[in-house]
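Peer 1: Given next are the chains, with one letter for each unit.
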Amino acid sequence: MIIDELKKIKDDAVGELEKVENLKDINEIKVRVFGKSGLLTALSKGIKELPIDQRPLVGAKINDVRIFLQEKISEKEFFLEKQELENKLANEKIDITEPGKDVIVGALHPINDVIDKLTDICVSMGFSVVEGPEIESDYYNFEAMNIPKNHPSRDMQDTFFITDEILLRSQTSAVQAREMEKRKPPFKIVCPGKTYRNDSDATHSPIFNQLEGLVVDENVSMADLKSMLTILMKRLFGEDTAIRFRPSFFPFTEPSIEVDVSCPNCHGKGCSTCKGTGMLELLGAGIVNPKVLEMSGINSKKYKGFAFGFGLDRTAMILDSINNIKNLYRNDIRFLSQFK
Amino acid sequence: MKVTYNWIKEFVPITANAEEVAKKLTNAGMEVEELMYQNEHLHDVVVGKILKIEKHPAADKLVVCQVDIGGKIVQILTAATNVFEGAVIPVSLPGADLVNGVKIQPTKMRGIESYGMFCSGEELGIDENYFEGAGVNGILILPQNMKIGDPIDKALLLDDVVFDINITPNRADCMSVIGIAREVSAIFGIEMKKVNLSYNIDVYDKDTVRNYVDVEVKTDNCLRYMMGAIKDLKIERSPLWMRARLNAVGIKPINTIVDITNYVLIEMGQPLHAFDQSLIDGQKIVVRQGQAGEKIEALNHNSYELDQSIMVIANEKEPMVIAGVIGGTNSCINDNTKVCALESAIFDLKSIRITSRKIGVRTDSSARYEKGVNVANAEIGLNRALHLVSKIGCGKVVRGIIDKSLVKNEYREITVSLKLINDILGVKIPEKDAINILNNLSIETKLICDKLSLKIPPYREDLENDYDIAEEIIRIYGYDIYDNINYNLFENSNVTEGKHHPRLLLERKFRNALVERGFYENVSYSLVSSNSVEKLLLNDERCNLIKIANPITEDISCMRTSMANSLFNTINYNNSVGNKNYSIFECGRTYLAEELPLKKLPKEKNILAMAICEENFNFYNIKGIIENLLRKTSVNYKIERSKETYLHPGISANILCDGEIIGCFGKIHPQVAKNYDIPAFVYYGEIDTGFLSNLEPKKYIARQISKYPIVERDLALIVDENVLAEELLNSIKSSCGTLFYDANLFDIYRSDSLGLNKKSMAFNIKLSNLNKTLTDDEVNKTIQKIIKTLNYKYGANLR
Chain A
0 MIIDELKKIK DDAVGELEKV ENLKDINEIK VRVFGKSGLL TALSKGIKEL PIDQRPLVGA
60 KINDVRIFLQ EKISEKEFFL EKQELENKLA NEKIDITEPG KDVIVGALHP INDVIDKLTD
120 ICVSMGFSVV EGPEIESDYY NFEAMNIPKN HPSRDMQDTF FITDEILLRS QTSAVQAREM
180 EKRKPPFKIV CPGKTYRNDS DATHSPIFNQ LEGLVVDENV SMADLKSMLT ILMKRLFGED
240 TAIRFRPSFF PFTEPSIEVD VSCPNCHGKG CSTCKGTGML ELLGAGIVNP KVLEMSGINS
300 KKYKGFAFGF GLDRTAMILD SINNIKNLYR NDIRFLSQFK
Chain B
0 MKVTYNWIKE FVPITANAEE VAKKLTNAGM EVEELMYQNE HLHDVVVGKI LKIEKHPAAD
60 KLVVCQVDIG GKIVQILTAA TNVFEGAVIP VSLPGADLVN GVKIQPTKMR GIESYGMFCS
120 GEELGIDENY FEGAGVNGIL ILPQNMKIGD PIDKALLLDD VVFDINITPN RADCMSVIGI
180 AREVSAIFGI EMKKVNLSYN IDVYDKDTVR NYVDVEVKTD NCLRYMMGAI KDLKIERSPL
240 WMRARLNAVG IKPINTIVDI TNYVLIEMGQ PLHAFDQSLI DGQKIVVRQG QAGEKIEALN
300 HNSYELDQSI MVIANEKEPM VIAGVIGGTN SCINDNTKVC ALESAIFDLK SIRITSRKIG
360 VRTDSSARYE KGVNVANAEI GLNRALHLVS KIGCGKVVRG IIDKSLVKNE YREITVSLKL
420 INDILGVKIP EKDAINILNN LSIETKLICD KLSLKIPPYR EDLENDYDIA EEIIRIYGYD
480 IYDNINYNLF ENSNVTEGKH HPRLLLERKF RNALVERGFY ENVSYSLVSS NSVEKLLLND
540 ERCNLIKIAN PITEDISCMR TSMANSLFNT INYNNSVGNK NYSIFECGRT YLAEELPLKK
600 LPKEKNILAM AICEENFNFY NIKGIIENLL RKTSVNYKIE RSKETYLHPG ISANILCDGE
660 IIGCFGKIHP QVAKNYDIPA FVYYGEIDTG FLSNLEPKKY IARQISKYPI VERDLALIVD
720 ENVLAEELLN SIKSSCGTLF YDANLFDIYR SDSLGLNKKS MAFNIKLSNL NKTLTDDEVN
780 KTIQKIIKTL NYKYGANLR
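Line order of the protein sequences matches chains A and B.
Going by numbering that gives the first Met the number 0, the first residue of the first sequence is number 0, and it counts up by one from there.
Going by numbering that gives the first Met the number 0, the first residue of the second sequence is number 0, and it counts up by one from there.
By construction, these hints were calculated from the structure, which means they are not laboratory data.
Treat each hint with caution, since some may be false.
Claimed, not checked - FRET-style restraints, in silico, Cβ to Cβ: (1) A:D198 - B:E131: 24 to 32 Å; (2) A:D157 - B:E659: 36 to 44 Å; (3) B:E9 - A:E280: 31 to 39 Å; (4) A:E97 - B:G100: 40 to 48 Å; (5) B:G148 - A:D198: 32 to 40 Å; (6) B:V98 - A:K148: 39 to 47 Å; (7) A:N149 - B:D126: 48 to 56 Å; (8) B:D149 - A:D198: 42 to 50 Å; (9) B:E9 - A:N149: 29 to 37 Å; (10) B:A58 - A:D157: 37 to 45 Å; (11) B:A291 - A:K148: 38 to 46 Å; (12) B:D149 - A:D157: 47 to 55 Å; (13) B:G100 - A:H203: 56 to 64 Å.
Stated by the list, open to error - Derived coverage of chain A by chain B (criterion: at least 3 residues anywhere in the stretch with Cβ under 8 Å from a Cβ of chain B; other residues may be distant): (14) 2 to 16; (15) 93 to 107; (16) 182 to 188; (17) 244 to 250.
Quick reminder that beta carbons are idealized off the backbone N, C-alpha and C, glycines included.
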């Protein structure tokens, strides 16, 4: 009797569980079967009416069914919970193409970013970073650089004067003699900084930035200059960068050269950045004129030097594809915010 | 410097074309900036002759011409009225592409075919100065003797190629055709032809130059003064070949004598001056310095006041020429000149340079003198001019030349070491090649052991030592030798230690921190307008702006004394273009004069300045930013009220270290905001990075951290309005004793309900014990102690 009822309870419950579609209905089944006045509880109460020898057997059977159904219910619950979570997640889908919230962050100026990069590279090559005054004496800017007063090579630069003897430095080379007077060879220095020329048009700014480099040692040559500048330019513009020398003239170097750098934009094929030539005129350089060494108290019989200098504005313009030099000094947020 | 291909060829028999010559010159350091083919727009234009002219049957203004273009007769229509049967004219044929953009095609006009067009001088790109008839309004009528069918560029000597060469200041000797020719000769290894300096003198004529003029040199600035005389002058149009050359290099042909002086100037680089001998008062030339009060009427029709610094060529009474720069009207060659006294002189380059700057006149002569003309050149130039006089036949050269010379200039001998030269270059140039190059540069060489003894020609004043010679060798040998050279970095040098600049390194920390916080870095002009002083209401030494003597414009005429001006201007600009809510900063210099005019170099201060243009920003925001930066240094600072003129007096502070103001920050002064036309809510701050980078670098001393949890309590206290946050925080700290971990002010509340002049300040206090977990009892005791102390010292009551 009880066994029959037990089977019915089991079969009914299994049948119902198969049909059940939510956790609430499962709970109803649980109450009906296992609750205080549930079916299995009622059946268990009937055990004591049975003969003693049957009681353990029936009790065990009821318990088997209880365990069986509990497992079934857990299985179903797990399944339904998972399903419900999936449904919930599916409903929480958002538009991932909406723009991300901007993190408030500014940007370094392209010129100073180039100065940071170049000084890092140079320091790694054994150069020390130095600075000098922007308001400079005629002596350091010109005379110590082998550009005497009223010498034709003064015409190479339109200089801003403050008095006859004091001017705005027209080249960071002005720092060369100051450092040579202070230091004992061998040394390597680079000097970034503002320079000034009385020149303003579409491609010239009256204020611009240069980086000057100077090496004084017993044994340096044009070939060392080539090797060193090649590395500098590769680190700045990329490994496939090449440089080329052309003859030039600067009063403080002899021989003097201009250095062309393969265009980082087209890698020498020719493009608008390099005006189709594949090369960019970027640096002036050369072996330090022995007269310059001597004027600053360095024995030119023992020591030689090489020097190089280049415009950082132009370098930044090439690196960041900036087409108008005036943008560098206007500080328009729309311009600056591109370099985040 | 302009020279022409054919002119160079007159001295060096090269076969290479113009393009190749230009390329090699550039590679050797004579940068050819432009190559201009004179006949670029003259192809398909020939010399033609009009055989017959008939009226156009259907057009009143047109005539129909039968034209011989050399073995072929074509029909051309024209509206020109100056043509006639038998006239020789330039004819542009189909395919021609004239200088004014006109392209010639066979056309039909009112039913009659026309196979080309007659050209005016203008359409050929020439004027009356160049060719007679080229300036008339109509067709250029050519001389009858021109060969029919000849290309017009040949017929008019317009078939040359002009090189525009950038001559570096060390190569004054190349400011001439002969100089460039010497370079070409060296580059191509082709020997120069001898320059013809000979001229005819009538052997029976005993007349000498002394009969016409005497010369006295009274100044050291004149290194050499030579003078010749030419009589029986024919002042007329010079021959076409001479005009062609002058025209090609951009000099207007005038007459025989003037053209000869210009020709020699370009060809030999020797400035000459021609006087009308009859106008030299007293027949005496005096080379001297000018005197105050003297004046000269120059050929450019300006009058110049003279002084001691200006050298003049004078007669016995008055100056006639500003030496080396410009001639005067009182003695110049004119149509009636019969005898010409021809000057060929060498002046000190500095003297000419100073004079040229002083009077603001730059001429082809002064440009050469300024760079230095070699003393030997005067003789070459004068002889070449007399040669040209003979050649053209425009006068008779008078016997004798006056030569007053202060300086002798001869071949110099120097000795250089081939080993040193190779060491300088870092590459080995074969000895044979090096010697060859020098020989081709007209430098005689003698090899003594490993030394080279060199004989330097006088015009190469730039060559003095091994370094100069190394450059000569490598520029001709070719810098492309370096294309494939790559040593290891500094493989032959000593190791040196690379060091960053301490201030730049500190600034880099600050810059990166500010960028992370949303600031944009600026780089602005350090030159400002003088009105920045008034706009910033400055009243201290920063009013003494250092002024540029030769500014471009007023707005960039002074060195800035405050960074604020730059940043406020940037805000004005950005707001004007619609940018909103932004923060900017700049690391820049200010320039402070101790006295004006400057006697010594001024102080240059390195300042980091920032400005915030954001409506909801306040004093405590900028204070937080500045303090965050200062925390990166070891600076011990105090904050005090600021009197900075461009900041709001109530909402600004100075940063002090050892009594020195090393920065300030605060809200912009409303009047200054108005002056710059920027919002009054702008905040500005600056710190002296030069000062900060001189301090010891910051040292960190890590304190012990308890392994037991922190206990937090919030405390709101009502105090009088004049009680300062700093006082309360310090008091809280000391009340906590060893249990103190941290304390922060997180809110300030003001309300009438708190009482008159009262405020409520809410603190968050964190306590911690190194050795154990704090009990409630301990915490409560500590808080009670704080409350008691604050009540006792500041009258604070719990809210």
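Peer 1: Would you list, in rising numerical order, the hints stated earlier that this structure does not obey?
Peer 2: 1, 4, 5, 7, 10, 11, 13, 14
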